[in-house]
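Residue numbers (the numbering used here), protein chains in the order written: chain A, 7 to 345; chain B, 7 to 345.
What the hints contain is simulated information worked out from the structure, not anything from laboratory work.
If you're wondering where the values come from, they're calculated on a predicted model, not measured in any experiment.
You may find that some hints are simply not true.
Since the list can't tell identical chains apart, any single copy or any two copies may satisfy a pair.
What the hints assert, rightly or not - No farther apart than 25 Å at their CA atoms in a straight line, the calculated lysine to any residue pairs in the SDA-like style are these: (1) Lys308 to Phe263; (2) Lys192 to Ser143; (3) Lys302 to Thr165; (4) Lys254 to Asp137; (5) Lys302 to Phe274; (6) Lys254 to Ser139; (7) Lys327 to Gly21; (8) Lys308 to Asp158; (9) Lys310 to Met332; (10) Lys157 to Glu53; (11) Lys159 to Glu53; (12) Lys333 to Glu206; (13) Lys254 to Thr138; (14) Lys9 to Ile312; (15) Lys192 to Thr286; (16) Lys254 to Gly17; (17) Lys157 to Pro199; (18) Lys310 to Ile262.
There are 2 protein chains.
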Amino acid sequence: MEKRTEIGEIGGEFGLINRIASKVQIYHPETLTGIGDDAAVLAENQELTVVTTDLLLEGIHFDLSYTPIRHLGYKAVAINISDIAAMNAIPKQITVSVALSNRFSVEAIDDLYEGIRAACENYQVDLVGGDTSASRSGLVISITAIGSVSKDKIVRRNTAQKGDIICSTGDLGGAFIGLQHLEREKSVFLANPDMQPQLEGKDYVVSRQLRPEARMDVIHDLRAAGVVPTSMIDISDGLAPELIHICKDSGVGAVIFEDKMPIHDQTFLAATELNFSPMTAALNGGEDYELLFTVKQEDYDKVKNISDLNFIGYIDAEVGKVRMKMKSETVVDITAPGL
Amino acid sequence: MEKRTEIGEIGGEFGLINRIASKVQIYHPETLTGIGDDAAVLAENQELTVVTTDLLLEGIHFDLSYTPIRHLGYKAVAINISDIAAMNAIPKQITVSVALSNRFSVEAIDDLYEGIRAACENYQVDLVGGDTSASRSGLVISITAIGSVSKDKIVRRNTAQKGDIICSTGDLGGAFIGLQHLEREKSVFLANPDMQPQLEGKDYVVSRQLRPEARMDVIHDLRAAGVVPTSMIDISDGLAPELIHICKDSGVGAVIFEDKMPIHDQTFLAATELNFSPMTAALNGGEDYELLFTVKQEDYDKVKNISDLNFIGYIDAEVGKVRMKMKSETVVDITAPGL
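Extracted from the complex, chain A is given alone in its bound form:
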């Protein structure tokens, strides 16, 4: 049996803060003060500061019956880093607030912060503050990420131009299909606890759901290539709503091509098994945390060799309209519920 330590045994909230603080690593010299004072202190620099925040609640945003808590910690950081990446910025610091009930052992909290620390190391960000408290109703995680970017490199979502090439990173729809399989296996298990989860051949889509990565690699590749996108957004709600955001905010339209849509083989098979359209998963599934951006046509030669990049369409002048050209040459309007 695994060891279980009650939080009271390590000195309550103060003990918990010390425990968390003692394991925090600082990567940036400009992080002058982290945990241990009223507020974190970040040194000045010559760049713009960007800040983003996310609030995650058990039962709404995640289900611990099939989510390893360490992965949850990693993902909670990654989705904030993804927002920083979408500004073409470099993440520097995060604050992490956590509320939890006494259902959680110290080992579980250690696992959560192990995932948070793994993400901090991977993305080279400093955990500089936060808050821990009791909760009557499951785990709550709130993360704020701060990054920086020089004025000439910042990329917003309202600056796409007619003629620009539309690029997306990685592949789409996997995280949503992974979630559907996890939910299906949970239902089967609840109906019959003797059943073992049937997730063979679903490893890729399940990992897309449980442990997404922010695409900082592509941000660094774009910098190395000397290219600043003309607009950018991260794909948290599916390609369709994100592209509609860019088009509406920029006062342009877009055409994308069915045969350019990046859908992984396993996403295709696992979606088909559920009688779900792989294309719908890619367009409206969400949680892929890939980047969607536009570049000027003359920058194509500079970005064409960046790995894991797809050129899926172009920006046109029809304001707010996103259309997909099918393999059959017919053209369909792309919409997103709620937009």
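Given the coordinates of chain A, work out where chain B should sit on it, guided by the hints.
Structure of chain B alone, referenced to chain A:
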């Protein structure tokens, strides 16, 4: 009957964000981008950036049965501003994330943000981002505040020196005693719903609990006086634990005087009515959000006329020890549970 609009009627989460964003006011020219992109963008400046965050949960940190939701919005901002003030910094931006169940009407959410906006106006801070989501279990509020301060003015909690004068703002213990009266009236009401709340003569202590202010006024007074405290902390958990924090972190001790303790007349009476020690409320009650700081003796003449400031003791060399000199001339050790 008051009008009740369901959140679905205003277009769900996107409608809610637009509703919030449309009422946000920007006070600082360096706030380049607020709500409406992946992350808020803050222009560079020549100062240090400070950041602090708090996570508040219904049933743990607040009770809506006696807390007007507008006051709650105000308080949630004020307690973060108080942390920025405690660094001797000027607050500039906040992010606000809120999770709520469908128990809350749009009018209730409007009230919450009305309080948040009132605090933003009072403290001159820009609401630059956040997150809204569903909740299965009551209201959750997470706020991150960002401020700035030049390197020569920042004040930490580990820099008090032997001989410094200990100052505290306002009066102490009121918020805790107010809470006890609110809880008592709630119990009476639950036992007998025909009873009316008996809070006459408790207006001051109740307002200390429900609508505390961050002491930015004193920060501005100190700047006008040309004084930088040698250490500072905000009093969120009571004078005793905060002074012990300063002493332990600074490697010093402290002596405070019983007859200098700032306790409001109503706090004294309302505590006595509950057979509660007013001094214990002041030392260990918490939630007053006053400032505790130390100044060099030679700065006394510069700060002595700042209004609402109390000189309650001095720093001595006995590391980590905080003692109180009683009117009777006896000396007692001051401790704080959990420290």
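Results of checking the hints against the structure:
1. Lys308 to Phe263: Within one copy only: 22 Å inside a chain, 71 Å across chains, cut-off 25 Å.
2. Lys192 to Ser143: both (21 Å within a copy, 22 Å between copies)
3. Lys302 to Thr165: Intra 11 Å, inter 53 Å, cutoff 25 Å: intra-copy only.
4. Lys254 to Asp137: between (37 Å within a copy, 21 Å between copies)
5. Lys302 to Phe274: neither (31 Å within a copy, 70 Å between copies)
6. Lys254 to Ser139: Close across copies (23 Å), not inside one copy (40 Å); limit 25 Å.
7. Lys327 to Gly21: between (55 Å within a copy, 20 Å between copies)
8. Lys308 to Asp158: within (18 Å within a copy, 45 Å between copies)
9. Lys310 to Met332: For Lys310 and Met332, only the intra-copy Cα distance (23 Å) is at most 25 Å; the inter-copy one is 77 Å.
10. Lys157 to Glu53: Both ways: Lys157 and Glu53 sit 7 Å apart in one copy and 18 Å across, limit 25 Å.
11. Lys159 to Glu53: Answer is both: 10 Å inside a copy and 22 Å across each meet the 25 Å cutoff.
12. Lys333 to Glu206: neither (32 Å within a copy, 76 Å between copies)
13. Lys254 to Thr138: between (39 Å within a copy, 22 Å between copies)
14. Lys9 to Ile312: Cα proximity of Lys9 and Ile312: none, with 46 Å in one copy and 55 Å across.
15. Lys192 to Thr286: Cα proximity of Lys192 and Thr286: one copy only (23 Å, versus 52 Å across).
16. Lys254 to Gly17: Cα proximity of Lys254 and Gly17: across copies only (17 Å, versus 52 Å in one copy).
17. Lys157 to Pro199: For Lys157 and Pro199, the Cα distance exceeds 25 Å both inside one copy (56 Å) and across copies (61 Å).
18. Lys310 to Ile262: The answer is within: 17 Å in one copy meets 25 Å, while 70 Å across copies does not.
The structure is inconsistent with the numbered hints 5, 12, 14, 17, although it conforms to all the rest.
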